[in-house]
Amino acid sequence: MNLTYLRIDLLRQVREVGNIAFIIGLPVVIYLVFGSGAEHSEEMVGRGNIQFYVMVSMAVYGASVATTSIGGMAAVELVQGWGRQLALTPMTPAAYVATKVLIALIVAAGAVAAVFVAGLLTDAQATSTTIWISAAILAWLLSGIFALFGLAVAQTFRSESSVTIASAGLVLLAFLGNLFVPLSGAILDIARFTPMYGYSGLAHWPQLHGKLIAADDETGSDPMWALILNFVAWSVIFGLISVWAVRRGRRRQ
Amino acid sequence: MRISALRKEYPGRGGHQPVVAVDGIDVEIAEGGIVAFLGPNGAGKTTTLDIALGLVPATSGTVEVLGTTPRRAVVSGKVSAVLQTGGLLRDLSVGETVRAVAALHHADARVDDVVRRAGLERLADRKVGKCSGGEQQRLRFALALLPDPQLLILDEPTAGMDAGARREFWDTMHAETSQGRTVVFATHYLEEAQAYAPRTILIVRGRIRADSPTDQLRAMVGERTLTANLPEDGRDEALTRLRAMPGVRDVRLEGERVRIEGSASDDIALVLLSELGARDLEVSAPSLESAFFALTEEGRDA
Chain S
1 MNLTYLRIDL LRQVREVGNI AFIIGLPVVI YLVFGSGAEH SEEMVGRGNI QFYVMVSMAV
61 YGASVATTSI GGMAAVELVQ GWGRQLALTP MTPAAYVATK VLIALIVAAG AVAAVFVAGL
121 LTDAQATSTT IWISAAILAW LLSGIFALFG LAVAQTFRSE SSVTIASAGL VLLAFLGNLF
181 VPLSGAILDI ARFTPMYGYS GLAHWPQLHG KLIAADDETG SDPMWALILN FVAWSVIFGL
241 ISVWAVRRGR RRQ
Chain Z
1 MRISALRKEY PGRGGHQPVV AVDGIDVEIA EGGIVAFLGP NGAGKTTTLD IALGLVPATS
61 GTVEVLGTTP RRAVVSGKVS AVLQTGGLLR DLSVGETVRA VAALHHADAR VDDVVRRAGL
121 ERLADRKVGK CSGGEQQRLR FALALLPDPQ LLILDEPTAG MDAGARREFW DTMHAETSQG
181 RTVVFATHYL EEAQAYAPRT ILIVRGRIRA DSPTDQLRAM VGERTLTANL PEDGRDEALT
241 RLRAMPGVRD VRLEGERVRI EGSASDDIAL VLLSELGARD LEVSAPSLES AFFALTEEGR
301 DA
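From first to last, the protein sequence lines stand for chains S and Z. With the first letter of the first sequence counted as 1, position 242 gets the number 242 in our numbering; the numbers rise by one all the way through. With the first letter of the second sequence counted as 1, position 142 gets the number 142 in our numbering; the numbers rise by one all the way through.
Please note that a few of the clues may not be correct.
Partial list, computed: chain S residues near chain Z (C-beta under 8 Å) [unchecked claim]:
hint, residue
1, ASN2
2, ARG12
3, VAL76
4, GLU77
5, GLN80
6, ALA87
7, THR89
8, PRO93
These are calculated hints, taken from the structure and not from any lab test. Source: prediction; values computed, not measured. Yeah, the Cβ is synthetic: ideal placement off N, Cα and C, and Gly gets one too.
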C-alpha cells in the first residue's frame, strides 16, 4: 500500500464536490423522510426503535453508493488507459484494488457518519451505546464489498456511463437487500442470495440478531452463518472480477 | 533486450480467424544504442513493445529484458516507457501526477529533477486535462524518467504533435540518451528514424523486413519520382538520354507519360523541360509505403 498515491487519489475524488455531496446527502434525506418522519418510528424492534433500523439501512445504502461510485470511477480510469501507466510501475493489480477499496472506505465513513449524526439528532434509539457503535462499524467496513462491485460492473460495461449503470443496479440490490421496504414471501427467498442481503443483515445484527421485520407481522430470521456466507461468497466473486478487470486494463483499449 | 521467435495472436471475433499481430520476431538490442522500430500502423510495433514491457503476454516466444523477464525489469525500474495510449488522469494536476507515480517507484527524491528535465516546472499546477498534446507527452516522458531506467521504450512518442513540438521533444530526448540509456522507439516517420536512430528495424505485417543501419534507408528517401508527357517525336531518343543521366535509377514509359525514378530530381526536371519538350511535369517523394515496398524488394533480392 502506497500512502502518497492513496492521498493524491483520495484528494482527487474529494474534489468532485457535487458527487460527494450527493453520496453523503441523499441517504440523510431519505432517512429524514422515511425514518424520523414516518409513523411508528418510535416503536421498538429488537434492541432499537424503527428509526434506528431505518438509520442503519440508510447508512448501509449511503456507504454502498460511496464505494460503488469510487469503484466504478476506478474502472473508468482503467478504460482511459491509466492502468497501462500504472502497469509500468511496481504496483500490482491487487495493490491497486486494495488502494481503491481503502479510498472508497474513507468516503463511505463520511456517508455513514452523516446518517448516524442525523439519527442522533432525531431520536433514533438503541438500548446501548455498543449497539450504536457496532452497527456503525459494520455498516461502514462491510461496504468495501461494493467498491469491488462497482469496479467489476463498470469494467464489464466499459464506458463512461458504466458508473451510472452500477449505481442503478445498486438501487435494485438495495431493494433486495431489505433496505427500502421489508420483503416477504418469494421475493425474500430470492433476495437471500443477492449481494447486499448479507451485508444488510450483518449491519442490522446488533439491533435485530437476524430477526426480520415483515410488513405482515410474519416473523422470520436469518442465522448469522448464512449472512456471513452470503457476504464472503459475493466478496470473493467481486474481488476476482476486479483483479481480472485491472489486468485487462493494461491492454490497449 | 533479446526477443526470440515472438508471436502474438489475438482471438478472432465472431468466429473469425485469430488475428496475428506479431508473426515470429527475433531481435537483439545491445546496451547503449538507439534503435527505431519503423513500420506502418498495425504492423505489430506496439504489440511487440507491449510484450517487452510485460503489459500483454506473448502467445509464444520469449522476451528477455536486461537479463530478466519484462515484468521484473519494470518492477526494478530498469526499464520504463512512454506509451502511445498510456492514459493520464485528466483531473489530476501535472505535479500530482508526477508525485503519485514517483511514490509508486519510491523515487520521491527525483521528482524535482525530473520535472525540470522534462520542462514541466511552469505546468506543475495545471490540470492534465488542460494541457496540450505536446505537454501531456512531456509529462509521460517525465513519468518514464522517474525510475532512472537503463532502457527507455517510446511508442510513437511524437504522434499527434506539430512539427515544433516534435523537434522540442526530440531535443529533450537527445539530452537524456546521451547519458548512456538504451532507447528503443517505434515510429512511422521515416525522418524520425533517420534523425535519431543509428539502427532501424523495419516491421511490416508482424515480421521484420529489414534490420540495418539507418544510413541505408536514407538513399531511399532521397529518391524522387518524376512523371511528364513527352512529345511523340524523338521519344525513344529522349528515353535513352534520360537513362544515361547520373542519378537516374529507372525510366519507364506508361502510355503517353514517362516515369523516372532517381535522386538528382532537379537536373532531370531541367533536362525534361528545356531539352526534351516535356509537359505536365510532376515530382513526388516516395511515400513511406513505397519506401517500405522498395526495401522489402531489396531484402528479397539480397
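Hints and how they fare:
no., hint, in the structure
1, ASN2, "holds (5 Å)"
2, ARG12, "holds (6 Å)"
3, VAL76, "violated (10 Å)"
4, GLU77, "holds (6 Å)"
5, GLN80, "holds (4 Å)"
6, ALA87, "holds (5 Å)"
7, THR89, "holds (4 Å)"
8, PRO93, "violated (12 Å)"
The earlier numbered hints that this structure contradicts are 3, 8.
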